[in-house]
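Starting from the given sequences, assemble the full structure and let the hints guide the process.
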Amino acid sequence: MSSNSYNVRVFLIISLIFLLLVSSTKAENIVVVAGTNPGAICPGSTYLITDTVTSKGFNEMQFTVSNTGSSSGFTATVPPGFVLKPGQSKTIYTYISPRTTTEVGRYTLDLSVEAGNEKEIVSHIIDVRDCRSFELKSISNLKSVCPTNVEKFDFELSNSGEVTETFDLRVEGQSAPWATLSESSVTLTRQQSKIIFVYLTAPGDSLGNYDFNLIATAKSNNKVKSASATLKIEPCYDYTLTTTKDFVSLCENSQEIIPVGITNKGTVENTYNLELDGAEWADLENNKVTVLEGSTEDVNIIVSPGYGVEGDFDLAFKATTEKGKIESSNQFSVKVKKCHGVDVQIEKAQDKICTSLSNTYNVLIKNTGDFTKEYKFELIGPVWSSLERDRLELSPGEERKLSLTINPGFDTIAGDYDIIVRATALDSSKVSSEGKLTITTISREDCYRPSIGINNKEIEVYYDSAATIPVVIENKGNQQATYDIAVSGTAANFMHLNPAVVTVDPNNAEIVYLYLAPNKETINGIYSATVSVRLKDSTILASDTIQVKVTQSKVPVELIQEAPPVKKSLWQRIKELFAVKKEPEVEVPEVIEVPVIGEENVTETEVIETNETLPPEIPITGEATTEAGVESRNIDFGVANKYLINQLKNQEVVFSIEDEQHSVKVTDVSNNSVTIIVKSEPQFSNLKIGESKEFDTNNDGKNDLRVTLLGIENGKPRLVYESLTTQPATTETAEQTPETTTEAVTEVPSTTAAEETAETGIQEKTNFFRLYAKYIIGGLIILVLLILVIRYRKGIAEFFEEEVEEPIKKEPVKEAKKEEPKKEAPKEEKKSPPKKKKEVSEEEYY
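This note's numbering numbers the first residue of the sequence shown as 170 and each following residue consecutively.
Don't take every hint at face value.
What the hints assert, rightly or not - Below, computed lysine-lysine pairings styled on DSSO-like, alpha-carbon distance capped at 27 Å:
1. Lys487 to Lys401
2. Lys321 to Lys394
3. Lys506 to Lys321
4. Lys394 to Lys414
5. Lys535 to Lys494
6. Lys494 to Lys312
7. Lys457 to Lys487
8. Lys535 to Lys506
9. Lys457 to Lys494
10. Lys306 to Lys225
11. Lys388 to Lys306
12. Lys506 to Lys545
13. Lys570 to Lys545
14. Lys626 to Lys506
15. Lys645 to Lys401
No lab work stands behind these hints, which were simulated from the structure alone.
As C-alpha cells, this is what we get:
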C-alpha cells in the first residue's frame, strides 16, 4: 500500500467522523423526562400526558415546544414556550381529544423541545379504539301473509361497547310505509341486548316479495347499523278488472252501455261491492256481484244523458272485496255532444255612439249541432236598430256573419239601450241562442264638448310692454274634435292668439297662448277680451273672459305727517322722559308693484310680511340633479301648513287638500320669474320674485293654496307652499301707544322675505340693548335733574311753561322717490312772510 493511498483513507475517515458528530448533535443542556402513555383511549374523550423539561445549561435559556405526528390533529401542547434558568424544570401538558369521527387505530405523538441550537424529541404512542360498538341482526328474515293481514318481524339490538348508548330506530325500503315499530328509540347499557318488533300490514292491492331494512343509529357518534327482512304477500284475494273501452262519445238524449269484467284470481270465492261516481245520468246495472275463484263476471254501466247535456264527463268505477277489503278502480271518459245547437255572438258587448251618427256591428251565427237547420232571427231593441236578414239555413259547423246597424236620431235621448239578437231553430228541437249589445247614446254637444281654462283672468300690464297668457283648450267629449279659437272684445286690438285652430283627442288638452302688447297709443283703462272655442262647422261653443288693465305710471302714495305737538305740563314731560316705550311692530302693507318701462307684466304681486316666520326649508329629494332629472316630493299639510321648497325645473311637489291629491310643477325658470302648472285641473301661472298667487285646486269656488316665489338662486326657485284651508291661529299684534308716529311710506324695497327676516332679527337685538340702556341713562338724568331743580328751580319752571309752536302741515306728495322716511319740515317763524325761513334743529324744537 502506497503512502498516498493511506493518507487518503485517513482523511476520509476523519471527515466521516466529523460529519457524524455534526449531524448527531446531542442536546447536552436539555433533559426531557417523558410521561406515561395513556394507553387505549375512546373517541370523544380527553386524556392528558405530562412531560418534564429540565435546563442543564450554565445560562438562562429560551425553550420552544411543538408536537408533530399522526395525532397532531387532535392533540394540543401547552405551554408553547418558556424560559428556564440553570437547573430549573418545567412541566409540559399535552391534551389528547380524539373526535367521535376519528378512525380507530394507532397514532404517534412526537414532542419537540428546542433551546438555541439544541433539540430534544420525546415520542408517545396513542391507541384509539372503538368504545361504542353495537350489533343489529334479524331473527326472522322471510314471512308470508295474505293481503290486508298483519305480520310481525323480530330484530335483536346489542350494545357491545364500553359505555351506555342510545339508538334511534327507523324502517326503510319498499314496505316501509306499511311498517310500525314497537319503539323508535332504545337506550342500552354496556353489553346489553334487546328484541325490537316490526309490524307490517300488507296492502290489499299488492302482491309479491317486498324487502325492508331496520336502521339503528347511535346518537353519540351517528354510527349506523342495519338488518334486512322480506315480506311476501300471497294472492289470496287477487282479482282484475277488464273493460272493452274507456272512452264513450254520444249525443244528448241517447244511451250507451259500458261492460266491466271482474276476474277472481284468488284462492277463495269472494263478493265484490261496486260503486260508480260521476254524472247523475250514469248508473250501475248491479251494485254487488259474487265471483268464484278462477271465474269472471260482467257488470254493466248504463250512460244516458238527458236533453241539453253537453261537455266532457268522468266516471269513476270502484270494486271492493268483502274478504280482504281489496279495492280496484277504473276511470271512464264520456263526451256528450250537443247535436242540436246554435251560437250567437256580437263583436262588442257594449259601445258608445253620438246621436245622428251610425255604426255597424258584426253578428256571428254558428250551427253547433250535427244536423242542417234553418234559424229564425229576432231583434229586440230600439227602432233605430236593424238586422241584415231574419232567416238563415246553416249546415253542421257552418257559421255566417250578419250586420247589425245602429243609427240613433238627432233627437234620441241620451242613455243606455240594450239590443238583443236571438236565433231559434225552426224544427222540433227549438234550440236557441242570443247575443246582447248595450249602446250608450251621447248628445252631439257632449261628444265634442270643449272647455277653456284661463288661470289669470285679471291682468295688469304697462303700456308699451308685452305679456303672454296660457289658455288650456280641453276636449271633454269622446270624439276627436277640431276647434276654431277666436278673441273678441275691447282688448282684441292689442291681443294676438296662436295657434287659432287645434285638434284635440278625447279627454286631452292643448295649450294656446294669448300675446298682449299695448302700444304707446293705447289709452289707460280696463279692457275686456273674450276667448271663444267653436267646433269647426258647428255652433258648439265655450268661452271665457279676461280683464286687462293698462296703466301709465305707478300709483301715488300719500305722505302722512306727524300730528302737531300739544302743550304739556312739567309733570307730563318728566313722566314721558323716563317712561319706557315699547318698540312698535311695523307691518309692511300689501303693495302692488308697478313695473318700469320694458319690464314684463307682473300681476298679483304681494310682498311677504316681515313679521311672519317663514317655514323651515325642505329641499326636494335629488336637489343636486340636473334639470333633465324629473323627480317629485310629497308634503303633508296635516303636519304644517307652510313648506319652503328648493324646486328645480320639471320637478313636482305633490300634496293633498281636503282628501284630494294635487301637484305643482315648475315648467320654466328665468332670471326673475318661474312658470308653474297647478293640477289636477291644469292652471298655468307665472310668478315673479316676491310674488304670491292663490289657487282653487278643487274647483269649489274658494282658494285653498297660496304659492310664493321668494327668490331664484343658481337657477333654483325658492317656493313657499301654504294651505289656506288649514291656517294656524295668528298671533296678536303688539299694542301700540297713542304716541306711535306713522311715518310716510314712499316705496317698498323689493327685498326678499329672507332678507327682511334677517333685518327684523337685527332690529330686535338693537331694541333689546336700547331698552336696558334707557334705565341706566334715566338714572343718571334723574340725578342731574335733582341737582338742577334744587339749584335753578325758578328758571326750569319758566322754561317748561312755554308753548311749543305747531309745524306747518305739508301737502301730500304724489310720487315717492326714495325709500328713506321723509324728514320733518323746518318750522317757520310767525313773522312777516317775505322773511327767510328759520331752520329749527331737533334739540331746539324740544
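So, going through the hints one by one against the coordinates:
no., hint, result
1, Lys487 to Lys401, "26 Å, holds"
2, Lys321 to Lys394, "20 Å, holds"
3, Lys506 to Lys321, "56 Å, violated"
4, Lys394 to Lys414, "52 Å, violated"
5, Lys535 to Lys494, "52 Å, violated"
6, Lys494 to Lys312, "21 Å, holds"
7, Lys457 to Lys487, "11 Å, holds"
8, Lys535 to Lys506, "15 Å, holds"
9, Lys457 to Lys494, "14 Å, holds"
10, Lys306 to Lys225, "62 Å, violated"
11, Lys388 to Lys306, "19 Å, holds"
12, Lys506 to Lys545, "23 Å, holds"
13, Lys570 to Lys545, "14 Å, holds"
14, Lys626 to Lys506, "73 Å, violated"
15, Lys645 to Lys401, "85 Å, violated"
Violation of the numbered hints given earlier is confined to hints 3, 4, 5, 10, 14, 15; the remaining hints are satisfied by the structure.
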